[in-house]
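These protein sequences, in sequence, are chains L and Z. Heads up, the first sequence is in my numbering, so the first residue is 1 and it goes up one at a time. Heads up, the second sequence is in my numbering, so the first residue is 214 and it goes up one at a time.
Since the hints were made in silico from the structure, they are not lab data. Predicted, not measured: the structure shown is a model, and the values here were computed from it. Since no wrong hints were added, every one of them can be taken at face value.
Within a straight-line C-alpha distance of at most 30 Å, the following computed DSS-like cross-link-like pairs (lysine-lysine) qualify:
no.: 1; chain 1: Z; residue 1: K305; chain 2: L; residue 2: K29
no.: 2; chain 1: Z; residue 1: K223; chain 2: L; residue 2: K8
no.: 3; chain 1: L; residue 1: K159; chain 2: Z; residue 2: K232
no.: 4; chain 1: Z; residue 1: K305; chain 2: Z; residue 2: K273
no.: 5; chain 1: Z; residue 1: K391; chain 2: L; residue 2: K8
no.: 6; chain 1: Z; residue 1: K355; chain 2: Z; residue 2: K375
no.: 7; chain 1: L; residue 1: K8; chain 2: Z; residue 2: K355
no.: 8; chain 1: Z; residue 1: K308; chain 2: L; residue 2: K29
no.: 9; chain 1: L; residue 1: K29; chain 2: L; residue 2: K8
no.: 10; chain 1: Z; residue 1: K391; chain 2: Z; residue 2: K273
no.: 11; chain 1: Z; residue 1: K355; chain 2: Z; residue 2: K223
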Amino acid sequence: MSTYDPEKAAQIHRDLHTHLPPDPALRVKTLESLVVERGLVQPEIVDAWVEAYSEHIGPKRGAQVVARAWTDPEFKARLMADASEAIKDFGFEGHATGHLKAIENTDTQHNLVVCTLCSCYPFSILGMSPAWYKSSEYRARAVREPRKVLAEFGVTLAKDVSVRAWDSTAEVRYIVIPQRPAGTEGWDQDRLAAIVSRNSMIGTDRDLDTGGE
Amino acid sequence: MDSLHDLGGKEGFGPIPIKSGDAGFSHEWERRMWALNLNLRGNTGSIDWFRHGLELMVPKDYITYAYFHKWCANILMLLIDAGYFTVEDAAKAAKNLRNQDPTGKAPSVTELLENYRIRNTDFTVTLDTLPRFALGDAVQTKRFAHSGHSRLPAYARNRQGKVITYHGAHLLADDGAKGNHLGEHLYTVSFAAPELWGLDADPRDTVTLELWESYFV
Numbered sequence: 001m002s003t004y005d006p007e008k009a010a011q012i013h014r015d016l017h018t019h020l021p022p023d024p025a026l027r028v029k030t031l032e033s034l035v036v037e038r039g040l041v042q043p044e045i046v047d048a049w050v051e052a053y054s055e056h057i058g059p060k061r062g063a064q065v066v067a068r069a070w071t072d073p074e075f076k077a078r079l080m081a082d083a084s085e086a087i088k089d090f091g092f093e094g095h096a097t098g099h100l101k102a103i104e105n106t107d108t109q110h111n112l113v114v115c116t117l118c119s120c121y122p123f124s125i126l127g128m129s130p131a132w133y134k135s136s137e138y139r140a141r142a143v144r145e146p147r148k149v150l151a152e153f154g155v156t157l158a159k160d161v162s163v164r165a166w167d168s169t170a171e172v173r174y175i176v177i178p179q180r181p182a183g184t185e186g187w188d189q190d191r192l193a194a195i196v197s198r199n200s201m202i203g204t205d206r207d208l209d210t211g212g213e
Numbered sequence: 214m215d216s217l218h219d220l221g222g223k224e225g226f227g228p229i230p231i232k233s234g235d236a237g238f239s240h241e242w243e244r245r246m247w248a249l250n251l252n253l254r255g256n257t258g259s260i261d262w263f264r265h266g267l268e269l270m271v272p273k274d275y276i277t278y279a280y281f282h283k284w285c286a287n288i289l290m291l292l293i294d295a296g297y298f299t300v301e302d303a304a305k306a307a308k309n310l311r312n313q314d315p316t317g318k319a320p321s322v323t324e325l326l327e328n329y330r331i332r333n334t335d336f337t338v339t340l341d342t343l344p345r346f347a348l349g350d351a352v353q354t355k356r357f358a359h360s361g362h363s364r365l366p367a368y369a370r371n372r373q374g375k376v377i378t379y380h381g382a383h384l385l386a387d388d389g390a391k392g393n394h395l396g397e398h399l400y401t402v403s404f405a406a407p408e409l410w411g412l413d414a415d416p417r418d419t420v421t422l423e424l425w426e427s428y429f430v
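Next comes chain Z alone, as it looks inside the complex (with noise of 0.2 Å):
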């Protein structure tokens, strides 16, 4: 999808906030929107309608609000998707915030963190086609991605790269976005800066992606 998630390469911004940008976190509801996200995975549905989710926000607010805002607004609409609650719902809550005891019993940090381990998840599928594509191999880029979610940047479209790793199959990204589970053949491609950026570029620079294999012609 060409909206202005896909920012590789994109000109005209100024210097990256190093300083003012160096915590993880900055605010308190910061933190309690990554630890409402880490809980909500299982109602969201997949990670790449998730993606595709903040991808289809109002443009201007994806350009401009604070990361975990973008978050927020990704999760409520994704809650709302699923059925949860409604729009209305959510503006009457924001009107009426109150605050509730809390009840149960909270898991301590270690069991927490026992917990935390298994989600190394393994997004590799077994495939019965050989991958089309061998170590050192040239590859081209399509021209032209689909207007839902993909995972081929704008700037690397139609562009000649060499294929450095192979990663088995992995779920493709764009089919997951629709809630499907298929593999497909996953590499990492290395391109030379100048394929990419123009003759400007810095000759021993190089830019690597993983592309699967339906990305290239």
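Only chain L is shown next, with the shape it has when bound in the complex (with noise of 0.2 Å):
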């Protein structure tokens, strides 16, 4: 049982600190040789979810679900209002978006999605987030500086585009739906979720890549 002692878990730290090489490959697999010990996982799950998160739970679902937002008008309306719900018509609930919120591009709004206190992300949808999101730089300048962030993942923003980033404190989290570029009229949903990358649905890319067609 946890002790939910925050002087004891601060001199667990340090001990660890002190007795434990630093190597984090070593640790892991003492981490893991441990607890297959002690029979709080089997060690055959580990290999399945390596798998799951390597094959199966990614960015590509993310970019299905803004596809058929932009194809299917009353999928998009269930979606905005409720899209913990309505990615359950791809099965695509899971951890981390039990409250996932879609929020819009517009010609006048752009949406960034950061979480400065840890690294909450919308994982059943988008997969393992990448470093940068999870890095000091980003959590740090993201909500104080979003334009030169911004500008650092080559995003440009019109004149009268505001910037709105949304730093994810509770069990909120977010999707940004990135909008659908020009050239791209009767395209079907799985050539336009293949242009929808995983940093415009965090807010570090605007303006989508058709291909040059």
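Fit the two chains together into the complex; they arrive one by one in their own frames, and the hints show the way.
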């Protein structure tokens, strides 16, 4: 049973710092060997999870949701009203999407998602977050100078575009719905999904690349 | 808690590691760490105790360890705290690492993905009291947070914002970190950038946060 005692927790952290070699790969192996030995985790399930996150749970899911929202107004209305419910159409519900909100970019508003306090992310539709999303640099700067951050990602904004940074501090998670690019009229959902970048659903990409067509 | 985790608006950081940090995982041990985490949530207490554990890390380690290295240190701490093993056990295991022979039957990835879908946990709670604020209301955040786990970042304290969404009552993170499950009304509040960062900030821009009712004056 967890003690919920912060003084004790801080002391254990200091003891681990002192008594454990700092190599992270060795530390993770140590953790794995201990939890397997204590029967807390089946060793085979670790491999299965690794495969699930490599092959199945990733940003292609979010891209399918966006492509459908672009082409199916009835779905889009449901997605904007309650994204957690709407993604169940695809079976994409899961870890950290119980309170999902879809936020839409417009001609006059750009949206950017960050978690300044930790690393909250809608895992079941976007997969593992990129390392930069979890970096101190992004967490510190996205709320204070979002325009400079966007410029580093190569995003240019028209003059009348406001920027809203969504700092997720509770269990509410966000997916940005980027604007559908011009010239994609008549494309089917698969073709549209292929141009929806992971970063555009976080908000660090804005004008999607249609492959020069 | 005013520790180094509260990074929003801190200055002095350089460029975002966009290219070098594009991948979610860059080492096998990171993938395994994530997989272990997914299997150990039932043994490590509440989600907010997990987050508070990260905040309680040795400050120098928090700022220098790679992301999943922090998670490893934290989960070791949480399991030691919960009595599954000791710091000495961990130090010994690190010394004599041996490979275990896998036993038992691995679940198929299809089974796993099916189980994954039920992880979309609902954090809402039914409350008898009515929310104090309505959409469009101005709210003022408190000047101080307590030294436990809180989701009111330093940059948004003693600031005025506007309610843009009401989410119903959600489990209050501050209490969750103490192992309690209390609900409180939760709102998304929008702050004008100059209110947070001063007059240099772009008046067109806003920052939103999810804030519980007790974070307001």
